[in-house]
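Residue numbers (the working numbering): 39 to 342.
Please note that the accuracy of each hint is not assured.
[Said to hold, decoys possible] Simulated restraints on C-beta separations:
(1) Ala65 to Ala229: 50 to 58 Å
(2) Asp216 to Leu130: 26 to 34 Å
(3) Arg76 to His48: 21 to 29 Å
Keep in mind that the hints were calculated from the coordinates and are not lab data.
C-beta: ideal position from N, C-alpha, C; glycine also.
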Amino acid sequence: MSEDRLPRLHEDEADIHAGLVAKLLAAQFPQWADRHPRVLRASGTDHVTFRLGEDLVARMPRNAYNAGQSEADVQWMPRLAPHLPLTVPEPLAIGAPDHGYPFTWGVYRWLEGEPVPAELNTDPHAAAEMARFIRALRSIDPSGAARPTEAEFSRGGPLAKRDTIVREAIDLLRSDIDAARATEVWEACLAAPDWDGPPTLIHSDLMRGNVLAHKGHLSAVIDWGGLRAGDPAGDLLPAWHLFDAKARQVFRAEADLDAAAWARGLGWALSIELVAIPYYRDSAPDRTRRSFGLVETMLADWQR
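Can you make the complete structure from the sequences, with help from the hints?
Set out below in structure tokens:
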């Protein structure tokens, strides 16, 4: 791995490196041409992020599936920010495809913080704060938000559309996990009644890397590419990604959703990690190790 780029995670991933970002800035935003892009090792699976000095970042979609987030952020972040108890990204500019890079991309204000540290995993105050965030998001008018599609990777709709890929993943992982237990828990989650209320806004990807903490408190929620109006259970991922068993119960109580929603939320969280393991096993070993740990936590937690 070179100092100016990250390993490719997807077969259709664009060639993204610091030199490309420098050329794009010079051509499209000369006011930032003197910023020397530095790749962030903590970039997620959807974008490659570059630090631009001390106060800016550039976010570059890795592939076509993740393109278009900057345009959505310009529309939605100013609308959401006044109503949420945690900070959201501040988009400053949208860059155009150029120099062989095929997607629009964004420049944002840098947000202080780090992915939720271990000391907050047991913190009931952090758990309550996270639950208040998803309740606040649910309260915002979802008019104009994208809706879940029938695609198996589209979150916020019925779990049943994930059934085939989850069972395929369990079969691939039979030598690595308790496949019988995984199937049992998955089928129990599938049996939960579907959401029959009005669609609510959900972030849909509230994993550790997308929730920041600063000075001992939750501070920001980033990476809103999955924002849509759908089943609120899609935002229960923090229960298993961020908190231990005791803090998880605080989160559950404060989230104010019924047992069926909790089952669907676990189903979404479990399905995401089961499918991620075969996909990222070779390209992102650290991500894969985290997924194995999360699957173990979820299987142990069911019906606790």
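Outcome of the hint check:
no.	hint	in the structure
1	Ala65 to Ala229: 50 to 58 Å	holds (55 Å)
2	Asp216 to Leu130: 26 to 34 Å	violated (47 Å)
3	Arg76 to His48: 21 to 29 Å	holds (22 Å)
Going down the numbered hints, you'll see the structure goes against just number 2.
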